[in-house]
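Just need the whole structure built from these sequences, with the hints factored in.
The primary structure of each chain is shown beneath.
Protein chains: 4
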Amino acid sequence: MTLNTPFGQASHPAHPYVATNEFHVRYAETDAMGIVNHASYILWMEEARSNYARSRGTDYADFERSGYALAVIDVHAHYRASARYGDLINIRCWVSTLSSRGLTFTYEILNARTNDLLVTGETRHICLNRQGQPSIIPDEARWWMS
Amino acid sequence: MTLNTPFGQASHPAHPYVATNEFHVRYAETDAMGIVNHASYILWMEEARSNYARSRGTDYADFERSGYALAVIDVHAHYRASARYGDLINIRCWVSTLSSRGLTFTYEILNARTNDLLVTGETRHICLNRQGQPSIIPDEARWWMS
Amino acid sequence: MTLNTPFGQASHPAHPYVATNEFHVRYAETDAMGIVNHASYILWMEEARSNYARSRGTDYADFERSGYALAVIDVHAHYRASARYGDLINIRCWVSTLSSRGLTFTYEILNARTNDLLVTGETRHICLNRQGQPSIIPDEARWWMS
Amino acid sequence: MTLNTPFGQASHPAHPYVATNEFHVRYAETDAMGIVNHASYILWMEEARSNYARSRGTDYADFERSGYALAVIDVHAHYRASARYGDLINIRCWVSTLSSRGLTFTYEILNARTNDLLVTGETRHICLNRQGQPSIIPDEARWWMS
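Protein chains in written order, with my numbering: chain L, 868 to 1013; chain B, 868 to 1013; chain H, 868 to 1013; chain C, 868 to 1013.
If you are wondering where the hints come from, they were derived from the structure by calculation, not from laboratory data.
From the three backbone atoms N, C-alpha and C, an ideal C-beta is built for every residue, glycine too.
Any given hint might turn out to be false.
[Said to hold, decoys possible] Simulated restraints, written as ranges between beta carbons of each label pair:
| no. | chain 1 | residue 1 | chain 2 | residue 2 | range |
| --- | --- | --- | --- | --- | --- |
| 1 | B | D1006 | H | L984 | 54 to 62 angstroms |
| 2 | C | G901 | H | T887 | 27 to 35 angstroms |
| 3 | L | N996 | B | D929 | 45 to 53 angstroms |
| 4 | B | L984 | H | D1006 | 30 to 38 angstroms |
| 5 | L | D941 | B | N996 | 29 to 37 angstroms |
| 6 | H | Q998 | L | D929 | 47 to 55 angstroms |
As structure tokens, this is what we get:
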């Protein structure tokens, strides 16, 4: 599927690569409500992106060392159920839209034991070059985003 | 203005109370990009809500002690410009929608020196009672949300 | 070895159980110096304690559900070398002192690839009961701390 | 008072400048114990150092822009009482030791309403130059540390 977006023509892969990672909820990620603080999920999404690159056989740190960055321009999270300290969390993360200068990651955050869907979210990113200007995603990196 | 929403009939105040707070960017709120990490703004929005209650002459901790909580069900943030360590930040925060069981806070996060708008966002909340069930916002608290 | 301490007679196991866990440095754990913020290591030590309990076949959350907590009364960390985003970290964690009402965890935080020792630390804890009063560590929990 | 230390001859000012800052406990700084997580105090100490520089009429960001950094080499915190969400916190921070290449900050963290002393701590720092090598603290910066 192809769409025109502010960041160029975007493709939506029909069968995207889905990276998953699992980890336990850390104590400091909870708050006085007794459950995980909502901002912790935003940090987990960031780590899910790092894990996505590793799962594809590359390293986001290399991408940055090559002079580029994927700046976050939008974050959305929808909270359906809560997690607690010690819970085993499973995150599914994939590229849902890829355009010439940007991409969108989509996330499903689950309780790995019960398979309950806790949080869904997406983050939209734009590629910046060393001068901090919007840039076309370089071909050397494009493969692991599609 | 009045709207029907999944959380009941919602009113949009024409001239909402706007709370503002100012603080300096902490070093730990930055990341290796040299700028403030995107998740830090989500934490600032949470603190802006606390400050909103204090500005109205009440205390969100009292609301919780009375047996209620405002659970976050949606977070959205749109990033327009970046902040750096030590920058003086100004957040404007107001209730943009209030219904019988929930409300939406809207935020504008600015660089207080340059007045540049850095991030806009909103968070949607539902009122929960001591049993964790959705509940009508009690009258004792409703005044400071309108 | 046995010592008298403010928390009772303390034993220092000659061959303590050492729990290890490995994880990648998250982006948000770095700061504008380009390296991991010093406070992130304190959070990692906390997670190493959680992992210690899991490695022993138990769950710190169960300990809390049984009405007790291990409050932190002292933290010390010594920083020798820095970690960067994406580095694989290895933490070794063990109980270095156990007394009737408290214990000390000791930590070695290493770069798992190079085996460089990055940070050493220890945290001292006191057992609290449901009323928040210092308490003798209950026998049901004592086994996994020795 | 003058002492020989691994970082050179150190002076202990008899009447050091004490910087204070006040702020409210953020919700995310608490954890599921219902009180402030112990690592939050380490972050507050970092912010107290930033505030110290501002109180002296300078800016730690300028120090870094001039090519230097004060790397943390030791952190110690002793926890005496707990803080809760919304509490007004007061931190007193001063330079307790200054040598040619490093310095120690000492902290007292209090509940600003009750004046209860919650946490005491100190952090030891070494001056690094742009190459990340230990360096003599430049004269342009030395004044605000003494």
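Going through the hints against the structure:
no.	hint	result
1	D1006(B) x L984(H): 54 to 62 angstroms	holds (60 angstroms)
2	G901(C) x T887(H): 27 to 35 angstroms	holds (31 angstroms)
3	N996(L) x D929(B): 45 to 53 angstroms	holds (50 angstroms)
4	L984(B) x D1006(H): 30 to 38 angstroms	violated (59 angstroms)
5	D941(L) x N996(B): 29 to 37 angstroms	holds (33 angstroms)
6	Q998(H) x D929(L): 47 to 55 angstroms	holds (53 angstroms)
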